[in-house]
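Take the sequences, apply the hints, and build the full model.
Using full-length UniProt numbering, you'd call the opening residue of the sequence shown number 1 and step up by one each time.
Calculated directly from the structure, the hints in this document are not laboratory data.
Take these hints with a grain of salt, some might be off.
What the hints assert, rightly or not - Using 30 Å as the maximum straight-line C-alpha spacing, the simulated DSSO-like pairs for lysine-lysine come out as follows:
hint, residue 1, residue 2
1, Lys237, Lys290
2, Lys399, Lys341
3, Lys290, Lys399
4, Lys290, Lys341
5, Lys5, Lys285
6, Lys237, Lys255
7, Lys259, Lys290
8, Lys46, Lys285
9, Lys341, Lys285
10, Lys399, Lys41
11, Lys399, Lys255
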Amino acid sequence: MTPIKPLDAAWLYVDTRETPMQVGCLAIFSLPPKAGPQFLKKLVEKFRATRDFAYPFNLRLTAPRFRFLLPAWEEDRQIDLEYHFRHSALPLPGGERELGVLISRLHSNAMDFNRPLWECHLIEGLEDRRFALYMKMHHSLVDGIGGMRMLARMLSPDPTSRDQRPPWAVGARARKPRPEGEVATPLQTAIDGVRTQLKTVPGVARAFGDIFKEALRQEDKDWALPFTGPRSAFNGKVSGQRRFATQHYSLDRVKKIAKAANVTVNDVFLEICAASMRRYLDEIKALPDKPLTAGVPVSVRPADDQGAGNAISFIIANLNTHIADPLQRLHAIHDSAQRAKHHLQQLPKADIDNYTALFMAPFMAQLLSGLGGHLRPMFNLTVSNVPGPDRVLYFNGAKMEQMYPVSLLAHGQALNITAVSYAGQFNVGFTGCRDALPSMQRLSVYAGEALADLERQLGGDGE
1 MTPIKPLDAA WLYVDTRETP MQVGCLAIFS LPPKAGPQFL KKLVEKFRAT RDFAYPFNLR
61 LTAPRFRFLL PAWEEDRQID LEYHFRHSAL PLPGGERELG VLISRLHSNA MDFNRPLWEC
121 HLIEGLEDRR FALYMKMHHS LVDGIGGMRM LARMLSPDPT SRDQRPPWAV GARARKPRPE
181 GEVATPLQTA IDGVRTQLKT VPGVARAFGD IFKEALRQED KDWALPFTGP RSAFNGKVSG
241 QRRFATQHYS LDRVKKIAKA ANVTVNDVFL EICAASMRRY LDEIKALPDK PLTAGVPVSV
301 RPADDQGAGN AISFIIANLN THIADPLQRL HAIHDSAQRA KHHLQQLPKA DIDNYTALFM
361 APFMAQLLSG LGGHLRPMFN LTVSNVPGPD RVLYFNGAKM EQMYPVSLLA HGQALNITAV
421 SYAGQFNVGF TGCRDALPSM QRLSVYAGEA LADLERQLGG DGE
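Here is the structure:
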């Protein structure tokens with residue numbers, strides 16, 4: 001039995017039917033050049049015959065009904081693969097719309113807490129000789145960086161290789177076990193955790209002192225504070241039904257804009273998100289006078305950490321949606337993000353977990369109390385940029401063409417926009433509440449048009 005870290009356990013505490021805390025990845029593949037109709041049939045047979053379950057795919061909750069009290073993982077030795085692996089086919093014509101409808105439905109389905117918290121779907125019938133893999137895991141098991149690294153471990157840079165195994169047989173590299181003879185009980189783990197947390201109190205207190213000083217002074221316009229964003233169409237209660245849309249751009253396009261404007265790639269991403277939301281809200285006559293804010297996950301995972309679990313902190317960036325000019329808005333976003341990152345970087349590494357837990361405590365408290373979606377949001381939405389593999393990868397000879405993140409929502413957070421880079425691409429997944437944002441696809445279209453607008457203003461082609 002392995003006790004679950006507080007930051008990971010928080011995602012279990014706030015999981016409900018309306019707010020399932022699961023994250024996914026959609027990978028689209030093209031069949032090998034000489035592959036016939038038997039390729040996918042044999043691939044499905046290979047998946048169903050593979051019953052080796054690596055960490056963390058072999059973990060389940062010890063007591064699902066009591067997951068709010070000292071939750072822990074245990075190894076499941078009787079995993080029902082027929083439940084966890086599904087084989088689906090799209091209706092004709094097998095285009096992006098049909099795929100989006102299926103992923104929206106699959107991502108809406110809640111997970112069974114009596115089983116390991118993951119599913120894998122192989123989807124055939126995509127046009128142009130393509131198929132897809134959709135992988136879904138609970139956020140208590142994995143964060144975005146960990147998920148991308150697990151996917152990369154499943155794939156190969158060699159198009160001739162045919163020995164790749166399903167994701168559950170590869171998994172993440174397990175955490176180092178304690179030395180033999182040192183078995184940690186839940187009580188000992190709790191005592192160790194409290195001892196460690198007490199050591200970090202002074203540093204965390206100083207960090208929050210800085211935030212409160214800024215809140216009282218309100219002199220730094222670049223400093224985006226919690227609960228200062230306005231209520232918007234994105235910040236009501238959510239249902240359990242999801243919508244999913246995608247966009248993909250050349251990463252080189254985004255980098256050229258960033259270089260020309262002397263900002264970062266992430267700043268450009270935040271700007272096109274801000275532009276699309278400003279346009280969407282303006283069209284429905286619901287654009288707030290005050291600027292929207294974004295919660296931006298920041299990875300604190302060491303480069304050599306190949307494990308699962310969560311290793312993230314958060315900053316809040318001002319999206320400056322009250323500014324009409326795209327370039328002026330881009331530079332204002334850059335200044336806000338830099339200010340927030342600088343603040344986080346001042347913290348010692350040992351303090352970051354506690355800082356993150358305390359920083360997110362009001363957000364989690366709103367969800368646990370049922371007040372999320374009724375009160376002013378801590379921030380208006382989450383915008384995340386996850387680095388993915390930088391070279392073309394293959395799965396048993398099938399080339400991975402694109403990969404998209406599929407994220408989670410919460411009450412007061414009806415929209416999530418997450419990007420992942422892959423082999424010179426910048427792929428963006430828009431996850432929204434079906435009932436709160438019935439025309440969410442417009443946001444994805446507007447983001448692409450905002451990128452072209454930036455190119456034109458900076459002297460580019462505006463593809």
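Outcome of the hint check:
Taking the CA atoms of Lys237 and Lys290, the gap is near 21 Å; set against the 30 Å cutoff, the hint holds. The hinted pair formed by Lys399 and Lys341 fails the criterion: a straight-line CA distance of about 36 Å is larger than 30 Å. The hinted pair formed by Lys290 and Lys399 fails the criterion: a straight-line CA distance of about 45 Å is larger than 30 Å. Taking the CA atoms of Lys290 and Lys341, the gap is about 22 Å. The hint holds against a cut of 30 Å.
A C-alpha spacing of about 43 Å is found between Lys5 and Lys285, which places the hinted pair above 30 Å, so the restraint is violated. A C-alpha spacing of about 36 Å is found between Lys237 and Lys255, which places the hinted pair above 30 Å, so the restraint is violated. Simply put, Lys259 and Lys290 have alpha-carbon atoms about 29 Å apart, close enough for the 30 Å limit, and the pair holds. Only pairs whose Cα atoms come within 30 Å are accepted, and Lys46 paired with Lys285 is rejected, the gap being roughly 53 Å.
Pair hint Lys341 plus Lys285 does not hold up; C-alpha atoms about 33 Å apart against a cutoff of 30 Å. The suggested pairing of Lys399 with Lys41 holds, with an alpha-carbon distance near 17 Å, which does not exceed 30 Å. About 25 Å separates the Cα atoms of Lys399 and Lys255, which keeps this hinted pair within 30 Å; it holds.
Violated hints, listed in ascending order, are 2, 3, 5, 6, 8 and 9; each of the other numbered hints is respected by the structure.
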